[in-house]
Amino acid sequence: MSGLQIVNGLAGLLIVTSLLVVVARKPSQSAKFYALQSLVLVAVFVALGSATNAPQLYVWAAVAFVTKVVLVPVIMARSFGRLSDERLGSGERISPAVTVLLAAVVVLLCTLIISGVTLPAAAGIKPALAISLAHFFFGLACIVTQRNILKQVFGYCLMENGSHLTLALLAGSAPELVEIGITTDAVFAVVIMVILATQINRKLATLDADQLTTLKG
Amino acid sequence: MPTLTQVSLAFVQALLLLAAAPLFTGITRVLRAKMHTRRGPGVLQDYRDVIKLLRRQNLQPPAAGFAFRAMPTVMIAALLTIAMAVPVLTRAVPIPGLGDLITVIYLFAIVRFFFSLSGLDSGSSFAGIGGSRELTLGVLVEPTLVLSLLVCALLAGSTDIGAMGEAIATGHVRSAGAVLLAGAAAIFACYFELGKLPYDMAEAEQELQEGPLSEYSGPSLALLKVAMGFKQLLILAFVFAIFVPYGSSSDTSLVGLLIGLAAFIAKIAVVAVVLGVVENSVARARFRLTPRHSWFGLGIASLAFVFYISGL
Amino acid sequence: MVASDLPPLLLLSPLVFALVIFAMPTSGRSARLIELLHLVSIVGTLVLALTTVGYVLSHGTLVTFGDWLMVDPLAAIFVGLIGVVGCLTGFYSIGYIRHDVAHGELTAVKQKLYYGFFNLFLFTMLLVVTANNIVMMWVGIEATTLGSAFLVGIYGKGTSLEAAWKYLIICSVGVAFGLYGTVLTFANASASIDPHQAVLWTSILAHAQDLDPTLVKIAFVFVLIGFGTKAGIFPMHAWLPDAHSEAPSPVSGLLSGVLLKCGLFVIIRYYAVTMKAIGPEFPQSILLVLGVLTVAVSAFLVFVQHDFKRKLAYHSIEHVGLIVIGLGVGGPLGIAAALLHTINHSFTKALLFCGSGNVLQKYGTRDLRSVKGILRTAPVTGLFIMAGALALAGFPPFNVFVSEFMVFAAGLDAGYPKLMILVALLFTITVAALVDIIAHSVLGKAPENMEKSDSSWLSLAPMGVLLALIMVFGVAMPRPVGDILRQATGIVMDQGHATATATPIEHVAAKK
Amino acid sequence: MIALALASILLPTVGAALIALSPRSASKRLGQIFAGLATACLLVLAYQFSVGGKIPAEYSVINFGGVEILGFGVDTVSVLVACAVVGIGFLISIYSGGYLDAGNREHPDIVRRRYFAFLSLFIGAMAGLVFSTTVIGQLVFFEISGVCSWALIGYYEKPKSLYSAAKALIITHIASLGLYVAASVMFLETHTFALSAIGGLSETAKTIVLLAILVAAWGKSAQLPFHMWLPDAMEAPTPVSAYLHAASMVKVGVYIFARALMSSNGAPELVGYVCTIMATITLVYGFIMYLPQCDMKRLLAYSTITQLSYMFLGLGLSVFGSQMAFNGAIAHLFNHAFAKTLFFLVAGALSYTTGTRMLPLLRGVLSKSPLLGIAFVVAALAIAGVPPFNGFFSKFAIFAGGFEVAQQHPLLMVLLVIALLESVGSFAWFLKWVGWTVPGRPSEAVAAASPVPLSMQIVLITLIVMAVCSSFIAAIWLG
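Chains as they are written, first to last, in our numbering: chain A, 1 to 217; chain V, 1001 to 1312; chain F, 2001 to 2512; chain R, 3001 to 3479.
Rather than coming from a laboratory, the hints here were simulated on the basis of the structure.
Computed from a predicted model, the values in this text were never measured in an experiment.
Note that the Cβ used here is the ideal one computed from N, Cα and C, for glycine as well.
A hint or two may mislead.
Said to hold, decoys possible - Chain A side only, calculated, beta carbon under 8 Å to chain V, not exhaustive:
#	residue
1	Gly9
2	Gly12
3	Pro96
4	Ala97
5	Ala104
To be verified - Below, computed lysine-lysine pairings styled on DSSO-like, alpha-carbon distance capped at 30 Å:
#	chain 1	residue 1	chain 2	residue 2
6	F	Lys2418	R	Lys3167
7	F	Lys2445	A	Lys216
8	A	Lys216	F	Lys2157
9	R	Lys3158	F	Lys2445
Could you build all of it, start to finish, from the sequences and the hints given here?
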């Protein structure tokens, strides 16, 4: 397999791992899968870096490894383990089976959309590009279909990984500062979400987004 | 035309598998007993059962018809055909043309069809329910199996089981992600077919899915008992041939065949252990839950298909 | 000091003060010191912002920090807006937060955090509007969410946490769309220009005609969804009423007055690029449809609300819709009208949110059904709310009338008479809603045992200034404002300096 | 002169601000003083203007980017109407000083700052509207007067009155969209807001602008289909009703349309037809609505609607080339202001003294209070158009002008005949109520009436005099 094929294949794995993140029963379990997924992302960066001969992607990979494989999952796993909501159950609005089918549909649609792009940078990596877009929307779907607010945080992380991958695929040559800015923002976002979720759990004793409906109209 | 070697290999392989079927079920029983820390019957118990049954009288319910009577024979025959079609000891299909993916899947479908038909034909309501359940299960599992194997076939560029195994084993397929997903889905579907916990307990005859067996007796029952184990073995062989053909011989030399046999036995052993562990760590799922799980499998298979389309 | 130091200084000032405030000890005595620091910070920001605006007005666009920071006339409008509204709501905060601390709703620690985050919030918004680097623009927008989410949830009550959560999730998700749009634009541009230039908005605009049209369209849609979430455009507005109603009132004023406008600012930036790349038709039709939908939906929601601040929040959505319509109508007149309306709405809405804060502290509720007779219990506040509500309803001689009229005229000019009349009728619904506030809450019989006492001068003074601004912009808009609007319109239309010297009105004349 | 015109606008506005800031006890005096000052200014202006040979003049006040936003113009019509609206505003201020007190039988009340502040602002806005020479200026004052009327109608803060106030505001605001359209179209066509530019528009644009202004005018003047706010607006304190429905609010509509016609340099006939037909329809509708009314104020409300229709009829007829009809309409505007104010104030005085406005309860007013009895008769006859009272002359001018142009336009003849029938009908109907109310033995309510305060008496007498003289003033002034 050529370098770009490896990139494409690894991108496919991203969807699989994100499915695991979404389908996992416990948020702390999801955190582990998220670390796995980020590891795949790092691998994509490295593979892409070697395939397109773009050394700055190694820097990205390193940054992503520190933040996404280590930092964020550790924060999540440690804080989410302490939160619980007995009444919530699995907190899924749709069953895992439908989730998987949804993922398939999303990938299909994104493939169709991406097939129209004529950008030269996208030539060899259209599948991966489609996956990155699909990954983004899959994250969105996770936020919409999960009642557990902790799962929603994961949804955000998945979206963020998706756009990150697009950035790397299409614009691997961006200044490093850009990448660092984006990553830092994402880490802060997760930290604040975690803090807020903890406060909500402490104050309202729930993790169920459907319980957060006092404000209406 | 297949050569004589090929034909004889096919026959030998089929008979070998048929003969080994009670052994296989016996071993899994023993394993299970060990895990329950109890002393079960010995490894050869299933042979003893079969022999005992063969000596009994063949009874059938008054309402039973042709399908009921023909089923054991048809089942064994179909399974034997599969056994000749699936590559077990070799990489290549023993009889070229017979080992086509679609043929094999349909042969399995025929087995299922007659099995459930006999339940309906027996006139017993218990057996009837069992038969209809068997059909439901088929409806649920079959699409996943077909879709995932179709993806594999598309990726390998051939519907020949041997060629598929070859392509996948050597990595000559375009999309690793799709293969992994399709493999996962296919194996998942096959697990249903094995009739193991949490979806079924093939050896406990009072379980509803085995309902069609309840009206059989004597030699027919003996045949069916052998056929059940035979089917499990064949499913495993089928999966191995496509996804883990490692170890099987690429030619028909004796040494190669022996190595292939050893590899096959090793794979079976590993699977038996894994199955044993799985069966002992889960409880029987309600039949109602089965569709959910099978839908999940279908989802995985469709994802694999989409991956194939997007060219990952 | 050189002029190119102005933008970095402008950014650093609130950031440094925020950090200093965070680092302060939290004893009872330091509270006054923190307030002082906060005051110095917001006044400093105001002075720096106005200096920057003045410089831009007299010397033209200011680019610095390796081209990453840029204040052009378009940005200058928003810089000025952040400076003015930030300073006034910041000043209003002092009295407001003191009251809350005195009544035990906030602790001393929360008070410190409030001022810290307030300044941080100002910093992030300034970052957005001074950014020339599109990725930095995104980072800024995302950072505004993170900075202000705490402010929204500061009371720590169930409802405020809920609002903060919705705000955080919806905006983060929305802004993730914005990131995607940003990345697509960047990738699109880096195909034809050097990647280090491709992140700069100015160079993207300069090379807009080389971009891939499909990607430009996709990116614009993503940007519109993403930053439109922040701006409160229907159907991405769901966070807005919750966040606005649960935040402390000065923060609501800041959210509605400035933050929404920052989202719009980014959209305007991309709008300019898109118009130049693929012509005005595609972006304008999307904007028009979204704008009209936003106005239509929010008009009815404004009417049915009983919560004072929610009503105002939905009203903000409606006005954002009007600004979007102005942009969608396009042409020099439409864009100038949209920009002017941005300014006018900010002042008016800040005034009303501050007023609602006074009401909340006086009556202990935001439910308009139980707030009666403000004019009798707190006459000055009542008068301010009355004037603010009439201004917001679009009555002359207040400022909103002027820009609403301009949008209307621009719409007729662009050939949408039916649409504009529909929009005007929808706005009539909110007129009813606003006079309803006056009729039932400002007037009416005051509760029996409520003594007559207005809020402290600390709260009333900034409201007075806002009202004065509203009147000034309504009766006689200062000439510099007109100049800067004209130049900004020229930037959005990308007509350079050659034609930008003409007034919007003369543009129309020239067209005929 | 412009200084005087500006003063008449700014003085009441400043007065309003002062009233808002000063203690409540001073509000009454302040309101009266500033309204008086404004009236004085206008009288001086009128004198100077007529001495100076009645030369029209225009002045720009606010310009933006080379475009005139706000300008004021002095000519015969604007001075005449300004004198009426501001002068009556002054009379109302005086009357209100007596009406709003604890001695009021129907609405005992202490006067609030809000009342005089908004009344003062209203007077200023009316003066501004009258002198305005730009559409945008008209729009601004149109909207301000809308807000003032809203505040005054809802003055008693009862749910019903608040509802009526909001209704008036919203309906007139919707109608104001006509002015928005007119202003926008004019600006886009000619790049100016000046009314004088209407004459230079293309035929289509002119039709659009005039019809749009007509829509706005219907809204303010309570013509069909925007009439429904007016009867409800009777929830206002009676002096306010008098001002709103006689001199200010409703006259805004007629006036802006008249000004537009004056500047239009020959309006399209379509506009004339729309205007006359709708006027006639409203006329008939208003007359039919007389019949079931017992509340004196509601009766007057519908009477106002029909009288306004006469003015629109006159304006519409002028489109076909009759200057006489136009002058008649303007004169009717002027005359009706005094007559209707008088009638409302009589109603107010009756409710002040007797506590009721229900006509069936009121009998024998003349013997109990001769002043009120005489005022009632004068007002009723003036409204019904009986010589020598003012209503007769202006109506006569409208009809005379109308029959003159109707020779060429048969449809107009039909409309005029209908209007004439209405005129006779309303005369009969008012006569019936005069006969019921004024002579004879006092009914229970009237017999128990309290005396009329002095300030109210003065105002009533002034208005009775004006009800006789105003048409002569107008005739002389308009030439």
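Hints versus structure:
1. Gly9: holds (4 Å)
2. Gly12: OK, holds: A/Gly12 within 8 Å of chain V, min 3 Å.
3. Pro96: Check passed: Cβ of A/Pro96 comes within 5 Å of chain V, closer than 8 Å.
4. Ala97: holds (3 Å)
5. Ala104: holds (4 Å)
6. F/Lys2418 <-> R/Lys3167: Given pair F/Lys2418, R/Lys3167 holds - Cα atoms ~24 Å apart, limit 30 Å.
7. F/Lys2445 <-> A/Lys216: holds (29 Å)
8. A/Lys216 <-> F/Lys2157: holds (16 Å)
9. R/Lys3158 <-> F/Lys2445: holds (10 Å)
Violated hints for the displayed structure: none, as all numbered hints are satisfied.
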